[in-house]
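Asker: Residues per chain, in single letters:
Number of protein chains: 2
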Amino acid sequence: MKVIEGGITSAKGFKAAGAAAGIKYVGRKDMAMIFSEMPCKVAGTFTTNVVKAAPVIWDRDIVKKKGTAQAVVVNSGIANACTGQQGLDYCEETAEAAAKLLGISTKDVLVGSTGVIGMQLKMDKLKEGVKLLVPALKETKEAGTEAAEAIMTTDTHSKQIAVQLEIGGKTVTIGGMAKGSGMIHPNMCTMLAYISSDVNISQELLQQALSDDVNDTFNMISVDGDTSTNDTLLLMANGAAGNAEITEKNEDYYEFKKALNCVNTTLAKEMAGDGEGATALFEVQVINADSKEHARILAKSVITSSLTKAAIFGHDANWGRILCALGYSGVQFDPDRMELWIESEAGKMLIFKNGNAVDYSEEEATKILSEKCVHVTADMKMGDKEATAWGCDLTYDYVKINADYRS
Amino acid sequence: MKVIEGGITSAKGFKAAGAAAGIKYVGRKDMAMIFSEMPCKVAGTFTTNVVKAAPVIWDRDIVKKKGTAQAVVVNSGIANACTGQQGLDYCEETAEAAAKLLGISTKDVLVGSTGVIGMQLKMDKLKEGVKLLVPALKETKEAGTEAAEAIMTTDTHSKQIAVQLEIGGKTVTIGGMAKGSGMIHPNMCTMLAYISSDVNISQELLQQALSDDVNDTFNMISVDGDTSTNDTLLLMANGAAGNAEITEKNEDYYEFKKALNCVNTTLAKEMAGDGEGATALFEVQVINADSKEHARILAKSVITSSLTKAAIFGHDANWGRILCALGYSGVQFDPDRMELWIESEAGKMLIFKNGNAVDYSEEEATKILSEKCVHVTADMKMGDKEATAWGCDLTYDYVKINADYRS
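Taken in sequence, the protein lines are chains A and B.
Following the numbering used here, the numbering of the first sequence begins with 8 at its first residue and continues without gaps.
Following the numbering used here, the numbering of the second sequence begins with 8 at its first residue and continues without gaps.
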C-alpha cells in the first residue's frame, strides 16, 4: 500500500466538481458533487444524535434499503437540520434535480449538508448550483480539490488523501475528502467525509469494513465534545479496478481494510488538528489497558477535557489535568501504577510514575508541548490493549468563532 | 424558613478564621479554619474521580468510619492530589497540628485542599498557617467572610449563605460557604463546600439528607465538564439549637432538608455563575420529561456543550446547538414534539416548536440573552418530571485563565 497524491477523484471512474452557488456568501465555493460513471455499492455511518438532519435520514435510507448509489451532492452553507418535513422534501428535490441532469434515478443521489442548524435550504440557489456542477464534473486531481474545498465551513484547509494497493494483481485506489472544524465529537462518524474506491467488493463487506474502522478513526476524534446532527461518512465502491469481487473476509478484505484505515485515520487526524481555532493536534495514546473499550474511553476523556486542551494551548505541562481526565472517564485503574509520557518532534519525556510527578524539566516540557503535534502516552499497566484519540487545543479563536458563528 | 445575612459562622457554636500563610503567593489569604465548640455529626459527599486527592481520602474515612468531627482546615494553594503516600501523611500532619492547638483529637480534624495538582504541600507554611488560624477563630459574620475568602482560587467573589428555620419551637440555623471556578463538573459534590448547622439530627439522616440533595444541586452544575480530584462537600451539625434530635423522616427532617436545599442551591448556582471567565449564569430547565434521571441528563448535556456556552457568550440565539446537545445526551425524545424557550429579566420567548424554528425576532432574542442570568426551558412533552442544571458561558477569559494557570 502506498499513499499517492490525490483525493476523491483518484479511484477509477470517479469525477467531482465544486461550485459557488451563493447559498451563504457570494463567491465562496459552497457546493460539491461526486459522480461515478458506473453504479457504486455504498456503505455509510451516521450521527447517533437523536436530532438527525434531513440529509442523514435521506442517505441512511438509501444505504440501508438499497445499498447502491452513483452521486453525492453536498452544500456547506445550511445544515438542513431541525427543518421538519420541509427539510426532507428539499433533500428529495435536490436529488431529483441532480438525477435529471446526470441521467440517473433520484434514489441514486446521496445528499449532504453542513452549516447553520434550523434554517431552510434556499432551493433556487441549490438548483442553480446543481446546474453549475454537472457540466463541471471532471476526473482530474484539481476537480477533487475543488470538491474538497467546496465542502469546507470553518476549516482552514481542505482535507484529502488517496492510497493505492494491489488486490489480486489489480491496482485498487481509495480516495477521500472530509471537512470538520466545529461540533466535532463523532459518534458513528464525523461531520462530512466521503471516500471513493474502485475496489470490487460486496456491499455487506463494504459496510462492515467501514463500521469496524470508524471505531478506531472518526469516532476517536473530538474538537469540542458536541456530536453533530449531520455526521455522515459515505464510502462508495464502483468495482472499476477489476479485481475479483471480495465476498468473504479473506486476505484481500484485510488488505483493503488496512488501506481504508489509512485513509480514515489521515482524514480524522486532519479534522482534529484543524479543529476550530486550533493551533495543535493533540494525540492521546492509551497503552496496556485492560480492554480495547476502556482504552478508547480513557483516550477520549483526555482529548475532550477543556482544561487539558487549554493547557496544551498554553504549552503548559499541567499533567494533573490529564490524570484528572483519565480519572473521571468512568474506567477503573490504579493511579499509583500508571505512567504518563509527553512527546513531540522536540523530544519525549516521562512525567508521572509511581503516583508522583517525576523530577522533570519544565522548560524542556514546554519545548515539547510547543510543537504542532503533541502526543501523550498513558501506560495503564493493566493489560495489552491500546487506543489512540485525536483532539486539539482550546484557544481564544474557538470562542471567537463560536460566539458569533451565525453572524 | 428565611434567608439571613451570614455564612459558615451563623449557626450556634461555630467559629471560623482565614489567614495568609504564604503557600502560593505572599499576602493572599490561602488558609481557612472552621471550628465547632462541641463535637459535630458530620456528613460528606466526595468526588467520584478515580484519582482522589489525599484530603478526600482523609475526610471520607472520618465521615464513613467515625461520623463525627469538630474542625476543618483548608488550604487554597495546592490541591494535594496525585501526591502518593507523602500527600496522605501530610493530611495527618496538618490535622495533628490543628488538633494539638485546639485541644481535640487528630481524627476530629477534617482537611481540604484546592489548587495545583501534583505538587506536595509545604508543611512548614501550613503549620505556620494553623498557628495563625487557631487564635483568630471567631463566631462573627466577619470571621465567616474571612474563611470564605480564604478558600477562593480563581473565584471572583466569596460564596456564602445562611438560612434559619423553626424545628420544634427552636431556631435552627444552616450556614455555608463554597468555592468553585474551574474543573467544575461535580459528580457527588463540587470542589469545596462547607455547611454548618446547629440542628440536632442523627448522623445517618444528616448523611441521607445531604446525599439526596446533591443530586439536584451540586451535581447539576458544570463549568467545564472536568470532574475534579478534590470535590468535597461537608455538612457539620453540632446540635446547639437544642431541638429534639431528628431520628426519623418526620416533618422536622423534611423542613431541615428544604432549608438545606436552599443553602446548597444558592451555593451551587453561585459557583456556576462565577465559573472561570464567565459573564453569565446559564440555567437550563427541562420540564415534562419521562423520568427525573432523563431530565437531569438532558439539562446537564446543554449546560456542558461548549458550542452552546460560546453562543451564550455571544448573546446569539443559536438554538440549534441547544437542540443538538439535547440530541446527543443519550436520552430518546421526539424533536418534532418538543418546545424551546429562552428567558431572562429582559423577557421570555418561544424559539422552537413542532420541529421548526418559530418566527421570532433575533433582536429581541439577543436582548434576552444579554442579561447576567439566562434561562432556557426545554419542554419535552413526554411526562411530568423536571430538572434544572446550572452552567456558564465559555469566554476568552476561560481560555486565558487555563492556558497558564500554573504560572
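Hints are computed from structural coordinates only; laboratory data are not their basis.
Quick caveat, the model's predicted, so the values are computed rather than measured.
Here a beta-carbon is modelled for each residue, glycine too, at the ideal position from N, C-alpha and C.
Hints are not guaranteed to be accurate.
[To be verified] Beta-carbon label-pair distances, calculated as ranges: (1) A:S368 to B:Y261: 45 to 51 angstroms; (2) A:L139 to B:D341: 33 to 39 angstroms; (3) A:K145 to B:K374: 46 to 52 angstroms; (4) A:H164 to B:K379: 35 to 41 angstroms; (5) B:K379 to A:L139: 45 to 51 angstroms; (6) B:G34 to A:E371: 28 to 34 angstroms; (7) B:Y261 to A:D297: 58 to 64 angstroms; (8) A:E103 to B:D341: 53 to 59 angstroms; (9) B:A353 to A:H164: 48 to 54 angstroms; (10) B:D343 to A:G337: 31 to 37 angstroms; (11) B:Q339 to A:D341: 20 to 26 angstroms.
[As the list claims (entries may be wrong)] Which chain B residues face chain A? A few, computed with CB under 7 angstroms, are given here: (12) G74; (13) I111; (14) G122; (15) A317; (16) V365; (17) D366; (18) S368; (19) E371; (20) A372; (21) H382; (22) T384.
Asker: Hints first: check each against the structure and report whether it holds.
Answerer: Evaluation of the provided hints:
For S368 (chain A) paired with Y261 (chain B), a C-beta distance near 58 angstroms fails the hint of 45 to 51 angstroms. Taken as a hint, the range 33 to 39 angstroms holds for the pair L139 (chain A) and D341 (chain B), whose Cβ atoms sit roughly 38 angstroms apart. Checked against the given bound of 46 to 52 angstroms, the beta carbons of K145 (chain A) and K374 (chain B), roughly 50 angstroms apart, stay inside it. For the hinted restraint 35 to 41 angstroms between H164 (chain A) and K379 (chain B), the CB-CB distance of approximately 39 angstroms keeps it satisfied.
At roughly 48 angstroms, the beta-carbon separation of K379 (chain B) and L139 (chain A) lies within the given 45 to 51 angstroms, and the hint holds. For the pair G34 (chain B) and E371 (chain A), the beta carbons lie near 32 angstroms from each other, so the given range of 28 to 34 angstroms is met. The given range of 58 to 64 angstroms is broken by Y261 (chain B) and D297 (chain A), whose C-beta atoms sit roughly 45 angstroms from each other. Checked against the given bound of 53 to 59 angstroms, the beta carbons of E103 (chain A) and D341 (chain B), roughly 28 angstroms apart, lie outside it.
At roughly 41 angstroms, the beta-carbon separation of A353 (chain B) and H164 (chain A) lies outside the given 48 to 54 angstroms, and the hint is violated. Between D343 (chain B) and G337 (chain A), the C-beta spacing of about 32 angstroms keeps the proposed range 31 to 37 angstroms intact. The beta-carbon spacing between Q339 (chain B) and D341 (chain A), approximately 36 angstroms, falls outside the hinted interval of 20 to 26 angstroms. The beta carbon of G74 (chain B) comes no nearer than 27 angstroms to any beta carbon in chain A, farther than 7 angstroms, and the hint placing it at the interface is violated.
Of the supplied interface hints, the one on I111 (chain B) is violated, with its beta-carbon coming no nearer than about 31 angstroms to a beta-carbon of chain A, more than 7 angstroms. Hint on G122 (chain B) is violated. Least Cβ distance to chain A is approximately 10 angstroms, over the 7 angstroms limit. A least Cβ separation of about 4 angstroms between A317 (chain B) and chain A falls short of the 7 angstroms threshold, and the interface hint therefore holds. The closest approach between the C-beta of V365 (chain B) and any C-beta of chain A is roughly 10 angstroms, which is over the 7 angstroms cut-off, so the hint fails.
Interface hint status for D366 (chain B): violated, as the beta-carbon distance to the closest one in chain A is roughly 12 angstroms, over 7 angstroms. Checking S368 (chain B) against chain A by beta carbon gives a least distance of about 15 angstroms; that is not within 7 angstroms, so the hint is violated. With a least beta-carbon distance of about 16 angstroms to chain A, the hint placing E371 (chain B) at the interface is violated under the 7 angstroms criterion. Because the closest C-beta pair between A372 (chain B) and chain A is about 11 angstroms apart, greater than 7 angstroms, the hint is violated.
For H382 (chain B), the interface hint is violated, the least distance from its beta-carbon to any beta-carbon of chain A being 19 angstroms, above 7 angstroms. A least Cβ separation of about 17 angstroms between T384 (chain B) and chain A goes past the 7 angstroms threshold, and the interface hint is therefore violated.
The structure fails to meet hints 1, 7, 8, 9, 11, 12, 13, 14, 16, 17, 18, 19, 20, 21, 22 from the earlier list, while all remaining hints are met.
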